[in-house]
Structures are given as C-alpha cells and as structure tokens.
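*Asks:* Residue numbers (our numbering), protein chains in the order written: chain W, 1 to 264; chain L, 1 to 154; chain S, 1 to 241.
Keep in mind that the hints are not guaranteed to be accurate.
[Unchecked claim] From the structure, some residues in chain S lie toward chain L, with a derived Cβ separation under 10 Å:
| id | residue |
| --- | --- |
| 1 | Gly-69 |
| 2 | Ala-111 |
| 3 | Leu-195 |
| 4 | Arg-199 |
| 5 | Glu-206 |
| 6 | His-207 |
| 7 | Ser-208 |
| 8 | Gln-217 |
| 9 | Leu-218 |
[Unchecked claim] If you want the footprint, here are the derived chain L segments under chain W, 3+ residues with CB under 8 Å:
| id | stretch |
| --- | --- |
| 10 | 33 to 46 |
| 11 | 88 to 94 |
| 12 | 122 to 130 |
[Claimed, not checked] Distance ranges between label pairs, derived from CB positions:
| id | chain 1 | residue 1 | chain 2 | residue 2 | range |
| --- | --- | --- | --- | --- | --- |
| 13 | W | Arg-211 | L | His-52 | 52 to 60 Å |
| 14 | L | Ala-18 | S | Gly-210 | 23 to 31 Å |
| 15 | L | Val-53 | W | Thr-22 | 43 to 51 Å |
| 16 | L | His-80 | S | Gly-69 | 29 to 37 Å |
If you are wondering where the hints come from, they were derived from the structure by calculation, not from laboratory data.
Virtual Cβ for every residue (Gly too), placed ideally from N, Cα, C.
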Amino acid sequence: MTGWRSRLGQLTDLATVGALGTLGYLALVVAPPDAVQGDAQRLMYLHVPVAWLAYLSFGVTALASLLYLVPATRSLRWDLLAGASAEIGVVFTGLTILLGSIWARPVWGVWWTWDARLVTTAVLFFLFLGYLALRQVPAAPHVRARRAAVAGLVAVTDVPVVHLSVIWWRTLHQQPTVLNPELNPQIHGVMATTLLWGVVAFTLLYVTLLRHRYRLAGLEEQREELLLHQAVLERRGIAADPLVPVLSDAQSLPDTQTLSEAQR
Amino acid sequence: MHLRHGLARWWVLLGICAAAIAWLVVGGLASNIVYFRTASEAQADRVHDATHVFRLAGAVVPNSVQAVADGVDFQLTDGHVTIPVHHRGDPPELFRPGAPVVVEGHWDSPASSAFFASDRILIKHGSEYSPPPVPGQNAPANAGQANATQAARR
Amino acid sequence: MSFASPTTTHLAAERRGPGLLRGAMLVLVKDLRIEASSRVVTNQVIPFAGIVLLMFAFAVDPARQSLQGMAPGLFWIAVVLAAVLAVSRATAVENENGARDALRLSGLDPAAVFLGKVAAVAIQLVLLEVVLVIGVVVLYGFPIVAPGLLPASAAAPTVATAAAGVLYATLAGAIRSRETLLPLLALPVLAPVVLGAARAWSAAGEHSMGEAWRWVQLLTIFAAVLVAFGVATYSGLLEEA
Numbered sequence: 001m002t003g004w005r006s007r008l009g010q011l012t013d014l015a016t017v018g019a020l021g022t023l024g025y026l027a028l029v030v031a032p033p034d035a036v037q038g039d040a041q042r043l044m045y046l047h048v049p050v051a052w053l054a055y056l057s058f059g060v061t062a063l064a065s066l067l068y069l070v071p072a073t074r075s076l077r078w079d080l081l082a083g084a085s086a087e088i089g090v091v092f093t094g095l096t097i098l099l100g101s102i103w104a105r106p107v108w109g110v111w112w113t114w115d116a117r118l119v120t121t122a123v124l125f126f127l128f129l130g131y132l133a134l135r136q137v138p139a140a141p142h143v144r145a146r147r148a149a150v151a152g153l154v155a156v157t158d159v160p161v162v163h164l165s166v167i168w169w170r171t172l173h174q175q176p177t178v179l180n181p182e183l184n185p186q187i188h189g190v191m192a193t194t195l196l197w198g199v200v201a202f203t204l205l206y207v208t209l210l211r212h213r214y215r216l217a218g219l220e221e222q223r224e225e226l227l228l229h230q231a232v233l234e235r236r237g238i239a240a241d242p243l244v245p246v247l248s249d250a251q252s253l254p255d256t257q258t259l260s261e262a263q264r
Numbered sequence: 001m002h003l004r005h006g007l008a009r010w011w012v013l014l015g016i017c018a019a020a021i022a023w024l025v026v027g028g029l030a031s032n033i034v035y036f037r038t039a040s041e042a043q044a045d046r047v048h049d050a051t052h053v054f055r056l057a058g059a060v061v062p063n064s065v066q067a068v069a070d071g072v073d074f075q076l077t078d079g080h081v082t083i084p085v086h087h088r089g090d091p092p093e094l095f096r097p098g099a100p101v102v103v104e105g106h107w108d109s110p111a112s113s114a115f116f117a118s119d120r121i122l123i124k125h126g127s128e129y130s131p132p133p134v135p136g137q138n139a140p141a142n143a144g145q146a147n148a149t150q151a152a153r154r
Numbered sequence: 001m002s003f004a005s006p007t008t009t010h011l012a013a014e015r016r017g018p019g020l021l022r023g024a025m026l027v028l029v030k031d032l033r034i035e036a037s038s039r040v041v042t043n044q045v046i047p048f049a050g051i052v053l054l055m056f057a058f059a060v061d062p063a064r065q066s067l068q069g070m071a072p073g074l075f076w077i078a079v080v081l082a083a084v085l086a087v088s089r090a091t092a093v094e095n096e097n098g099a100r101d102a103l104r105l106s107g108l109d110p111a112a113v114f115l116g117k118v119a120a121v122a123i124q125l126v127l128l129e130v131v132l133v134i135g136v137v138v139l140y141g142f143p144i145v146a147p148g149l150l151p152a153s154a155a156a157p158t159v160a161t162a163a164a165g166v167l168y169a170t171l172a173g174a175i176r177s178r179e180t181l182l183p184l185l186a187l188p189v190l191a192p193v194v195l196g197a198a199r200a201w202s203a204a205g206e207h208s209m210g211e212a213w214r215w216v217q218l219l220t221i222f223a224a225v226l227v228a229f230g231v232a233t234y235s236g237l238l239e240e241a
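In isolation and in its complexed conformation, chain W is listed as follows (with noise of 0.2 Å):
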C-alpha cells in the first residue's frame, strides 16, 4: 500500500518541477509584454499564482480547524494538516507582498502604500504568524490542538476581506482581472493561458509542499512521544531500551505500534 503512495508522491513531485518549468518559458517567452506596463507586467504570473496558494493554504487549514472542532470528525490529523499548511500559507502571503512590491515599485512608482489590499494582507500575514507562534507552545496535543483551532478560524476571516477588499474600497491595487463579480475576464488569450498555467502549477507545488511538510510534522511528533519515553525509561533506571536505538536517526525508529506494545 505504502508503494503505490510514494510512487504517486514521487509522480506530483515531477509533475511540479514540469508545471513550474513551463510556467517560466510560458511567462518569459511565450507571453507578450503588457501593453501599458511592459515586461514589468510578467511578474503578475507569479503574484497571482502565490497570492492564490496562499488562499488556498488557508482555506485548508480552516477546514482542518473546524473538522478538529467537531466532535464526530475530531482528529490529530487534522490538527497536524491544519499546521502544516498554515505554514505554506504564511511563507507565499510574505511573498506576495514581496513580489508585488518588486511590481509596485516601478509601475505605481512606490514599494508600499496604505491602500486596502496591501493592508489587509499584511495584516492576514501577522494573524497567521500569531497562529504560529501559538502552535510553537508545548502543550498537551489536544489542548494545542483547540487552541490552534480557534485562532485559526478567527484568523481565516480575513481572507475573503483581502479578496474582497478591491471591490469593496477604492483602492489603488487593481481588481480581480479573471474572478471579479462580473465574471468577465480582461486579459489577453496568451497571457490568460499563461496566468492560468501559473495557478495550476502553484497548486501542485501546494500539493507537493503539503505532503512533504505533513509527512514530516507527523515524524516531529513520533520523535517527541518517543523521546519522551525514553525520557521515562531513564527515570525509572532503565538506561539503555533496545527499542529505542538511535533517535535522531528517523528511518530506524520503530512505529507507535510497537511502541505502546513494548509500554504493555
């Protein structure tokens, strides 16, 4: 079972790396400079891109929340989940604001402006650290677990205002070219293919980063259980466990399974 899983991971890792890969041939070659902005404009299909994985990393650690906060769903996987794309999210937020700065810059002729988007944004980036930084608390894992959740529903309302923020006020970014209310795409075929493209690759690499990172906090939290029981086996004068050889090593841990047996 486990074969088929990683082939499949190995599978969406290339399929990324290729996404990716046309994506710059598409926006650097391919596509024409903007009319108004020139090449300037090119950085859009990255902007767009990371401001929608953003979005989505977001949306799935709210969904995780609220699965963790009802009862008939509640999970530590969720809570994992809801972590772990929490910090995608904050990594591509960062990056949106970087690179529409890049953009800002020469097109509006200034890095940063107190316009409605921009501060939204910046402030959706500052809840979402919050949530981190109250993550980084130890805790017993069902109570990180409820905390983490409630911040992250309350930090999670501010997406739709940053999307809807362009419509809402007058604001200086522009509006949605492909998702505005009218539902009229402006934008050129090449360059709408091309934007397109942009968003399908960054949701594999959403994909790929999540699968990678979830696999990795679930190993985080094996190593703490297990370190803790050795902590344990020491206490009580048990030096040295034969189940627990070498723990900075993760391939050669032993599964809970056989963990909790051994504590039996």
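Place chains L and S on chain W using the hints.
*Replies:* Then chains L and S, alone, in the frame of chain W:
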C-alpha cells in the same frame, strides 16, 4: 445536553456572521474606506477640505503636461471636472499623457482658483492586460484613457 | 432542549447552576472585586497609558495642529496597548492557585464566564478611556465637538477590545510566554478596531456625522461577531488545561 447547547451557539454565531455580511452589503458601510477621491468629489468638498492632504485620481489630460523648474504641471480630469496640478519632483516612469494617476497632496490655497499641489504621483493601473498594439495604431494612450475613465467611474 | 422531559430539564438546570446572565453577573462582580483589592488597573495600567500619551507627543512634531489631528488614533492605540496589559494581568490572576480549575468546576456556563469577564474588562476600559479623554483634551488640544457621539462610538470598540482580549488571553492562558504571545495574537485582530474607532472620532471632529455613524455601525458589527465567537468557543477553551 452540553453538546446541544454548544451546537446551538455555533448556529447563533453563523447567524450573526450572515447578518453582519448582509448589513455590510445592504448598508453600504464599505464606502468609508477610500484610497483616493475623484476630481468631481474633490471639487465638491473643496471648502471642507481646505488645505488638508488627500489623494486625487483622474487621467492626465493629453497636451497639458509641461515640465517646469521644480517638477511638472498638468491637468487632471475625471471626464466632468478638470483640475490643474503642480507636481514637485520627477514624475514616475509610466507617467504620460492619458495615463490614469493618483496624486497625493493638497489644494495650494483655499481660493477656488487654486491648483492642486502634489508631492507624489502613483500610476493607477486597471485590471486589463493586453499585448502592445501593431505599430501605426496609437493604442497605448487609448488604453490608458480607458483605464482612466474606468478608474474615474469607481 | 425542547425534546427533554420536564424532569430532565429540571435536573440539568440544577446541574448547570445559575442562568447565563446571572452567571455572567457573578463573574463580573468577582473580577471587579479582585481589581478593587489588587488595584492593578488603577495603579499600573492607567498610569502606563498616560505615559504612552506623553511619549507620543514627544515622538511626533509637537506643533498643536498635527497632534490635534492624530489625537483619535493615538488615543485608541494607547487604549488597545493598555487593554492588552490589563487583560494579561487579569488572566495571570486566574491562573494562580488553580483558580481556573475552580471556575471550571463551579458549574457556571462557560459562556457566562466569558460574558462576565468581557463585561469586567470593558468596565475597566471605560474607566481608562475617561482618564485618557481628559488626557487628549488637555495635552493634545483635542476638541470635543459632539459630546453625544463620543461615548456612543466608544462603546463598540471597547466591547470588541475586551472580547478579543479575553478570548486570546484564555487561549494563551497557562502558557509561560503569555506576556509576549498575547500582543502578537490580539493586536492584528484589534487593528480594525483601532482604525474604525480612530476614523469615527476624526469624522466626528470634522462634523461629518454621517461618516462617523457608518464607522460606529461597522464597529458594532465587529464587536457582535467577536462576542458571538467567544460565546461559541469559550466552553472548549475553558475545559482544557
């Protein structure tokens, strides 16, 4: 018992959120946050604003741009009202006749003939993207105009 | 609840202790009593907010014109910073000597505990705001042009600040790094409160009552959503630890 209680509260929370969104949309509360004002609005609020700093948006009137000693003079329009602007410093790269811009500054004096003294020009770009036109058609300026009128309509 | 037979309802009511409002009242009185004997807000938080007002004046151009214009924003920043301190302190008291467990086992509805705590913090904030208003009027020359609108527009941001503060302080509850974590968690949520409240007061100062009223409505919506969120989630947060 406890669970049902909690569930009822989640529904109340959902209800309040829905009501809040409805109120926001129906009540038009969003109009509070405004990054810039159009030339018409600025003209109407002139007495009230006096020489307070605000942002003004419109399109640069073609053939009105004149380089002066400490910057550039031009006319800004939203299609109804045209305002003379004096900008101190170099305008940004994409500044050209017909371009949609946002200028930051204030009325030079409370007088009704006063010009708008700007110390920052931002280019307001619309959400349309297209490749450059075939040489011969003077489309960039037109595209700029379209953006400007779109910006002014908001 | 309507499906339950009279007997079960009766038993449940007995087990649950006092009703929502009465429970909230009990917690409110308890928290105010603690404040009355410890005097943390009156002796530490309010003086802190006062020195913050002074520091702002040192930091910006002390020309009267600019301070007057910035007064509403500086006022609300001072309030929010002081509120974070006050709430942090109030939770610290709750975490000592197992008081939190006692509260949890008291049979009070967690929502009542939340509402009571929010009310207690809000009342302390009102006290703080009264002192600070005198401060901005005297130090910054802030003109009070609409004496009726000022308290009306202060109510919603005060409740919102208290609700967010209590919610996050409980989240960060027994955590050792609470003092540093709480501001990071609460301030981004309170950013709209500072923005809205400051704009409402500025608009009132410029006699734009329509605009000020719109801001008050926005703030009221925000406060309502925060309180509802706290009521819905507080039972989970109180049960942990």
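*Asks:* With reference to the structure, classify each hint as holding or not holding.
*Replies:* These are the hints, each one checked on the structure:
no.: 1; hint: Gly-69; verdict: holds, 9 Å
no.: 2; hint: Ala-111; verdict: holds, 7 Å
no.: 3; hint: Leu-195; verdict: holds, 8 Å
no.: 4; hint: Arg-199; verdict: holds, 7 Å
no.: 5; hint: Glu-206; verdict: holds, 8 Å
no.: 6; hint: His-207; verdict: holds, 9 Å
no.: 7; hint: Ser-208; verdict: holds, 8 Å
no.: 8; hint: Gln-217; verdict: holds, 6 Å
no.: 9; hint: Leu-218; verdict: holds, 5 Å
no.: 10; hint: 33 to 46; verdict: holds (count 4)
no.: 11; hint: 88 to 94; verdict: holds (count 3)
no.: 12; hint: 122 to 130; verdict: holds (count 9)
no.: 13; hint: Arg-211/W x His-52/L: 52 to 60 Å; verdict: holds, 54 Å
no.: 14; hint: Ala-18/L x Gly-210/S: 23 to 31 Å; verdict: holds, 26 Å
no.: 15; hint: Val-53/L x Thr-22/W: 43 to 51 Å; verdict: holds, 47 Å
no.: 16; hint: His-80/L x Gly-69/S: 29 to 37 Å; verdict: holds, 30 Å
Going down the numbered hints, you'll see the structure goes against none, and every one checks out.
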